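Novice: If you're matching them up, the sequences are chains A and B in order.
Residue 263 in our numbering sits at position 263 of the first sequence; the count goes up by one each step and never skips.
Residue 467 in our numbering sits at position 467 of the second sequence; the count goes up by one each step and never skips.
Don't read these hints as lab results, they were simulated from the structure.
Here the structure is a predicted model, which is why all the values come from computation and not from measurement.
Treat the hints with caution; some may be incorrect.
Identical chains blur together in the list; that is why a pair holds if it fits in one copy or across any two.
Capping the alpha-carbon separation at 25 Å, the derived lysine-lysine pairs in DSS-like fashion look like this [said to hold, decoys possible]: (1) Lys108 - Lys289; (2) Lys266 - Lys2; (3) Lys475 - Lys177; (4) Lys177 - Lys189; (5) Lys189 - Lys475; (6) Lys108 - Lys285; (7) Lys2 - Lys381; (8) Lys5 - Lys266; (9) Lys183 - Lys475; (10) Lys475 - Lys184; (11) Lys289 - Lys349; (12) Lys2 - Lys46; (13) Lys46 - Lys289.
Chain by chain, the residues run as shown.
There are 2 protein chains.
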Amino acid sequence: MKRTKIIDVLQDTQYGKTVDVCGWVRTHRSSKAVDFIALNDGSTIKNVQVVVDTAKVDEELLKQITTGACLHVTGTLVESPAQGQASEIQCQAIEIYGTCGADYPMQKKGQSFEYMRQHAHMRLRTNTFGAVMRIRHNMAMAIHTYFHQHGFFYFHTPLITASDCEGAGNMFQVTTKNLYDLKKDEEGKIIYDDDFFGQQTSLTVSGQLEGELGATALGAIYTFGPTFRAENSNTPRHLAEFWMIEPEIAFLDQEELMDLEEDFIKYCVRWALDNCCDDLEFLNKMIDKTLIQRLESVVDTQFVRLPYTEGINILQEAIKQGKKFEFPCNWGDDLASEHERYLVEEHFKKPVIMTDYPRAFKSFYMKQNQDTDDGGSVGYKGAVAPGPTMQGTDVLFPQIGEIIGGSVREESYDKLMGEIKRRDMDMTHLWWYIDTRRFGTCPHAGFGLGFERLILFVTGMQNIRDVIPFPRTPKNAEF
Amino acid sequence: MKRTKIIDVLQDTQYGKTVDVCGWVRTHRSSKAVDFIALNDGSTIKNVQVVVDTAKVDEELLKQITTGACLHVTGTLVESPAQGQASEIQCQAIEIYGTCGADYPMQKKGQSFEYMRQHAHMRLRTNTFGAVMRIRHNMAMAIHTYFHQHGFFYFHTPLITASDCEGAGNMFQVTTKNLYDLKKDEEGKIIYDDDFFGQQTSLTVSGQLEGELGATALGAIYTFGPTFRAENSNTPRHLAEFWMIEPEIAFLDQEELMDLEEDFIKYCVRWALDNCCDDLEFLNKMIDKTLIQRLESVVDTQFVRLPYTEGINILQEAIKQGKKFEFPCNWGDDLASEHERYLVEEHFKKPVIMTDYPRAFKSFYMKQNQDTDDGGSVGYKGAVAPGPTMQGTDVLFPQIGEIIGGSVREESYDKLMGEIKRRDMDMTHLWWYIDTRRFGTCPHAGFGLGFERLILFVTGMQNIRDVIPFPRTPKNAEF
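The whole structure should be built from the sequences, with the hints applied where relevant.
Specialist: Laid out in structure tokens, this is it:
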């Protein structure tokens, strides 16, 4: 038996030939002397229609062909009278691989997403989740292809880490210790000498710092792997285990970093539009009627590049004009989702790359803008800020908010150490990171993209738990 | 400044034009009135030669250009008189991004691999590790490209799992519990209600079972992600954290599975030969003189397909002829590395796909061959075994041993449950796996490939710690 995938059968017009298809029954309906079986094998959202002459097939066998059953059908490829498909199959023989009882969880159409999550092992067989998973695959492929073509090397940073694990409350501890027999020292502190790694370890929250080691050797790298946050956040935007993409590039300045961010994300969205038409059309119809239009608008538009200080001015002006926000947005405040959305969706009506954030709420490793005499600083394209700023470059998207968080990294050993001191950080476990600034330091930059955020944007799905096969959230590690 | 990567400069023959290159100094030597600086930016193993007229450059600046320093050089592209490179750069101006002191760990050539591991954050800047990391990237790209072109979907199975974590001694526990305040029930058992996931969780040892959920919905999937084993193995073959590729395919039989395994691995090796010439030539010269020859032999040869029972016969015959093995190899024994290597390297002198292993030492989910009346079984191409066998299909490689472990999966609910009972397994946490055999079950198969094993084979490196950026091994979670 040489099986043909349904995606290929549907495009094949060599009518009259015999084909073998396998798949799961989506529907089975009877009409006078013929039965129609809609069969799907996951290769495409479209089903192939199998037309069965009921006189020629055993009645008992036909009865077993219920929704969810798995079949092998041998038949003749014929032109389809139905719209939207070139071909269908005139059945010659049916073999049932697996029957499917009435307790099949995906029996009924239109079940809630909450119900689907409880049956995540079976929801993959539905149209919506099939579409989402195929798009997810395509976005991963777009990412790898983009970086490969641009001379980046895929770099596997470790997941188990001894850095940064002390005192970080939102990390998962990793241990092989016998919790029934925890040895402690004289002060009552747990001894980790006998733990697997001989010290306390946890799951990484970011591969960036190791990524910088890669970039300052190989020139340009990217990570693409799982990342963990033990935050007790039960929201449609948070997962405890999610996938991140973190490119890191030597010899890149802020302008080039923004060029890269914009080019990269447009490439991904364009890939979806070019390669996931059927799935996008389905989602556009069933999930979000403005989806394809929104994707196209991102690809076709030039992103706004906006220093934070200018963003604050726009928000302040809006407040003067009567706009109400829940949270304050004075210079120095970290912008809330409502502020970002106002700028992106109402003011500019296009994606915004925000730059030059106040140092106070950005990370220690970001490149510091040049300070002025009055305590301010000069950033992107000479933009003057009333306080010290850093060369962050975050991409804000409609509906999603921050989809990319990026920055130029501080390459100066002295400035970096000054910032570490200012923040009173313990760098004992990060001696290797500091070494990059000691030995042949170089200008470099990078960004992080939450993969599921991208999938949310590209699929129009509303809940992050519905764009990953088996979500990990507080109190949920099923499957 | 528009930087040109060194890989592009070396191929450029538009002599006379001005180029900007950035990179790290590999060597700096003086010769009469000119200095030669070998600069590398990680884009290729090759350095670009920068020729400096010492009369035109500040002497103090030249002194700072030591091995490891990072430079930005502006210069004229000229034809190189040296062999093996078309172009070199006549220096116009040098900017030092970062100096590099004498304590630079990669100062000297020919340091031991053990020394390099202790400085894994800097070893990436050496020829050997640059080559290995570029090849590693290329192998990842080959894998994604192969599966994409063959209609497989990249499927992200979870890393944190509640399945299989009880009693599995070689798993890492993942917890957010306060180890100083472990609540216990009346029987003294630790209560996990208040752990992050509300139950005991650990890091996955394989994504296969979840992968089967993907395959029985999407038709063909593959995983490519980190996997964990808390084995206290200090060998050149073991990592506690490594990357695995696990394709899983619906409607595939044993013969087709072997076709896939062979085609897939040949594609990867061919990719390396086609796309990593410079790095392979370096490794062939410095690490393993038979490397390229071995890679070519794999691509050009047809793999042997050998039922386990026939393999045992060959080994027994060899023993009769005087061959000595350390471990026994009677029917029913799990083959040791020495047996596999004898078959691959001495007897067949080519890769072997071994099939139809005794049920006793293979996993519960493997498809059972048809039993015969006398307690034996019939497997691949009618091969008769003296005991019950399963449709495993492992690929054995020269030098590496088992590089792929694969099998057809048992699709029959009754047979699978029989095997689970026979092994007295607790399937409480795997109810969802059993469901695949209850609802529209189908023939399917898959395999697992340890990514680092593949990299070892393709690079000729001897120690698995040297083919991943930052290895995780017992007592070692540095970087």
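Novice: Now tell me if each hint is right for this structure.
Specialist: Status of each hint after checking the structure:
{"no.": "1", "hint": "Lys108 - Lys289", "in the structure": "within (23 Å within a copy, 62 Å between copies)"}
{"no.": "2", "hint": "Lys266 - Lys2", "in the structure": "between (39 Å within a copy, 22 Å between copies)"}
{"no.": "3", "hint": "Lys475 - Lys177", "in the structure": "both (23 Å within a copy, 13 Å between copies)"}
{"no.": "4", "hint": "Lys177 - Lys189", "in the structure": "both (14 Å within a copy, 15 Å between copies)"}
{"no.": "5", "hint": "Lys189 - Lys475", "in the structure": "between (28 Å within a copy, 19 Å between copies)"}
{"no.": "6", "hint": "Lys108 - Lys285", "in the structure": "within (19 Å within a copy, 63 Å between copies)"}
{"no.": "7", "hint": "Lys2 - Lys381", "in the structure": "between (62 Å within a copy, 18 Å between copies)"}
{"no.": "8", "hint": "Lys5 - Lys266", "in the structure": "between (31 Å within a copy, 24 Å between copies)"}
{"no.": "9", "hint": "Lys183 - Lys475", "in the structure": "between (29 Å within a copy, 17 Å between copies)"}
{"no.": "10", "hint": "Lys475 - Lys184", "in the structure": "between (29 Å within a copy, 19 Å between copies)"}
{"no.": "11", "hint": "Lys289 - Lys349", "in the structure": "within (18 Å within a copy, 60 Å between copies)"}
{"no.": "12", "hint": "Lys2 - Lys46", "in the structure": "within (21 Å within a copy, 48 Å between copies)"}
{"no.": "13", "hint": "Lys46 - Lys289", "in the structure": "within (19 Å within a copy, 52 Å between copies)"}
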